[in-house]
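Colleague: Protein chains in written order, with my numbering: chain A, 73 to 477; chain B, 262 to 361.
In short, the hints are calculated from the structure, not lab data. Glycine included, every Cβ here is placed at the ideal spot set by N, Cα and C. A couple of the hints might just be wrong.
[As the list claims (entries may be wrong)] What follows is a set of in silico ranges between Cβ atoms, one per label pair, in the way DEER data are often shown:
hint, chain 1, residue 1, chain 2, residue 2, range
1, A, L267, B, R287, 35 to 45 Å
2, A, P438, B, I321, 53 to 63 Å
3, B, A281, A, T401, 56 to 66 Å
4, B, A277, A, T82, 53 to 63 Å
5, B, L284, A, S399, 16 to 26 Å
6, B, I285, A, T401, 37 to 47 Å
7, B, L284, A, I459, 24 to 34 Å
8, A, Y416, B, C278, 41 to 51 Å
9, B, Q320, A, I225, 53 to 63 Å
10, B, A277, A, S469, 40 to 50 Å
11, B, Q320, A, P438, 51 to 61 Å
12, A, T401, B, W314, 22 to 32 Å
13, B, A277, A, I436, 29 to 39 Å
14, B, L284, A, V115, 31 to 41 Å
One-letter residues, chain by chain:
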Amino acid sequence: MCLRFHILITAITAVVILMSYEYMATQQIRAGEYYSLILLGAVGMCLMSSAVELVLIFIALEISSISTYVLAGFRRRAAISSEASVKYFLLGSFATAFFLYGVALMFGATGSTGISVIAQSLRAGNTSTLAFAGIALMFVGLGFKVAAAPFHIWTPDVYEGAPAPVVALMSTGPKAAVFAVLLRVLFEINAPGRLGLIWVTAALSMTLGNLSALVQHNVKRLLAYSSIAHAGYLMMAYAALPANGIPAVMFYTATYAAMNVGAFAIVSHLAGAGERYVTIEDYAGLGRRSPLLAAALSIFLLSLIGIPMTGGFFAKFYVFSAAFQNSLTGLVIIGVLNSAIGAYYYLRLLVVMYMKEGGQEIPIAPTPLALHAALAISIAATLYLGILPGRVIEFASRSVRDLTQ
Amino acid sequence: MVPLNYYLLLSGFLFACGVAGFLIKRNIITIFMSIELMLNGVNLSFVAFAAHWHALSGQIFVFFVMVVAAAEAAVGLAIIIAVYRTRETLNVDQVNLLKL
Numbered sequence: 073m074c075l076r077f078h079i080l081i082t083a084i085t086a087v088v089i090l091m092s093y094e095y096m097a098t099q100q101i102r103a104g105e106y107y108s109l110i111l112l113g114a115v116g117m118c119l120m121s122s123a124v125e126l127v128l129i130f131i132a133l134e135i136s137s138i139s140t141y142v143l144a145g146f147r148r149r150a151a152i153s154s155e156a157s158v159k160y161f162l163l164g165s166f167a168t169a170f171f172l173y174g175v176a177l178m179f180g181a182t183g184s185t186g187i188s189v190i191a192q193s194l195r196a197g198n199t200s201t202l203a204f205a206g207i208a209l210m211f212v213g214l215g216f217k218v219a220a221a222p223f224h225i226w227t228p229d230v231y232e233g234a235p236a237p238v239v240a241l242m243s244t245g246p247k248a249a250v251f252a253v254l255l256r257v258l259f260e261i262n263a264p265g266r267l268g269l270i271w272v273t274a275a276l277s278m279t280l281g282n283l284s285a286l287v288q289h290n291v292k293r294l295l296a297y298s299s300i301a302h303a304g305y306l307m308m309a310y311a312a313l314p315a316n317g318i319p320a321v322m323f324y325t326a327t328y329a330a331m332n333v334g335a336f337a338i339v340s341h342l343a344g345a346g347e348r349y350v351t352i353e354d355y356a357g358l359g360r361r362s363p364l365l366a367a368a369l370s371i372f373l374l375s376l377i378g379i380p381m382t383g384g385f386f387a388k389f390y391v392f393s394a395a396f397q398n399s400l401t402g403l404v405i406i407g408v409l410n411s412a413i414g415a416y417y418y419l420r421l422l423v424v425m426y427m428k429e430g431g432q433e434i435p436i437a438p439t440p441l442a443l444h445a446a447l448a449i450s451i452a453a454t455l456y457l458g459i460l461p462g463r464v465i466e467f468a469s470r471s472v473r474d475l476t477q
Numbered sequence: 262m263v264p265l266n267y268y269l270l271l272s273g274f275l276f277a278c279g280v281a282g283f284l285i286k287r288n289i290i291t292i293f294m295s296i297e298l299m300l301n302g303v304n305l306s307f308v309a310f311a312a313h314w315h316a317l318s319g320q321i322f323v324f325f326v327m328v329v330a331a332a333e334a335a336v337g338l339a340i341i342i343a344v345y346r347t348r349e350t351l352n353v354d355q356v357n358l359l360k361l
């Protein structure tokens, strides 16, 4: 399981670094510490996904969070960037405190912070209130980090204010790592009462995320709400049985990373120094002015909707079928309805791009080679996962054994 | 010997004070101090549980929490200075360029 998440996180980091070159040049920021912070964050995420001890999980969580707090405020002369940073910092530390309190209560209930010892103790019939409260508080802290409702308030503000390449990183990398931690906390520990927690968070995230996205005008905010909704779909997989849920989670994190990093790469390129192509109306006529970029963005948007032939389709399919096999029909119905609502706002952006004239007639900067490479990797991954998902899902299924022994 | 419950109640109270301060206070520095209070509440329960289980790992965890809290304070205060430079205020109600 660690290996798979390490590959994913390394790939995300590589693509984000590729797309950062151009951004740093247009922003005229001296960027040495920028890249080192990204790499430090990546180390934290990799550690987080392979840690089997709550102390190490906590430290890795903080390594990745602290570096993303700084990255979010990297355009420090722009007021919105430092505002995004301070909001992310305050709410992130608040969430960390909850996670820590959960760890403390878990330690109190079982006398250990090692995941396997805790799992043994709970399997042996230790169902004290302390253990339950510990799981719930840890879930609150981790829920903040993956932007699942009702802990999602910070997401749109931070995504809007932070630099676009950083948003590409923090909407995928730390999320994937925290989902790996959730695999351990919920499946390996076999958390008591997890179904109820997940039912509520998944349903709320999907519904709130999609409904709020419908009324957004700012593209980055729209993608922020879409990421809340996707966190909701992903949460559904945690309510399934381990044998189906674990591969579904892994497949979904990989697909979501591919399509979201790609979408943000384009948004970042179009935004230039940050003031262009902000609202959906600005994208009008993009299909005519820059057919290649518009086509690439369309692939990512179609994948976010979940159209067949793209990774998004199989990701949703595996999650829904995993939940269905654990007879969570109600949750699946909410999920399918939400996918239909979600299609509307992605399609609205597509329609504006291709069928409306006007928009910002600002000449788009020529795409540099690094961005081509970043987009090529993202598109290839999105299509590969959509056309030949078999090998990836088989690879992911192997980690079921590691986690449920 | 003071029973475990007293320590847990005190740590829960400290944590709750921190949460209340986080939600009520309007100055960014005070909010940040409330978070530190929450962390100290957590530390107290770690130490109490460590004594209860006779396990050293709980006390070691406290050191890690303190180190991380210090690192977080360094980054946090830098971010707060950056906000003050651009907005000339530390009131969260006036740091409102990004609205829901």
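Colleague: Each hint: holds or not?
Modeller: Hint check:
1. Against the hinted window of 35 to 45 Å, the Cβ-Cβ separation of L267/A and R287/B comes to about 39 Å, which satisfies the hint.
2. For P438/A paired with I321/B, a C-beta distance near 55 Å keeps the hint of 53 to 63 Å intact.
3. Distance hint check: the CB atoms of A281/B and T401/A are about 41 Å apart, inconsistent with the given range 56 to 66 Å.
4. For A277/B paired with T82/A, a C-beta distance near 41 Å fails the hint of 53 to 63 Å.
5. Range check, L284/B to S399/A: Cβ separation about 39 Å, and the 16 to 26 Å hint is violated.
6. As the Cβ distance of I285/B to T401/A is approximately 42 Å, the hint placing it in 37 to 47 Å holds.
7. Checked against the hint of 24 to 34 Å, the C-beta distance between L284/B and I459/A comes to roughly 49 Å, which is inconsistent with it.
8. Here the CB-CB span from Y416/A to C278/B is close to 45 Å, well matched to the stated 41 to 51 Å.
9. Range check, Q320/B to I225/A: Cβ separation about 35 Å, and the 53 to 63 Å hint is violated.
10. Our hint of 40 to 50 Å for A277/B and S469/A holds, since their Cβ atoms are close to 44 Å apart.
11. Separation of Q320/B from P438/A is about 59 Å and conforms to the stated range, judged on CB atoms against 51 to 61 Å.
12. At about 43 Å, the beta-carbon gap between T401/A and W314/B misses the expected band of 22 to 32 Å.
13. Between A277/B and I436/A the CB atoms are about 53 Å apart, so this pair departs from the stated range of 29 to 39 Å.
14. In this structure the supplied range 31 to 41 Å holds for L284/B paired with V115/A, their Cβ-Cβ distance being about 33 Å.
Consistency with the previously given hints fails for numbers 3, 4, 5, 7, 9, 12, 13, ordered from lowest to highest.
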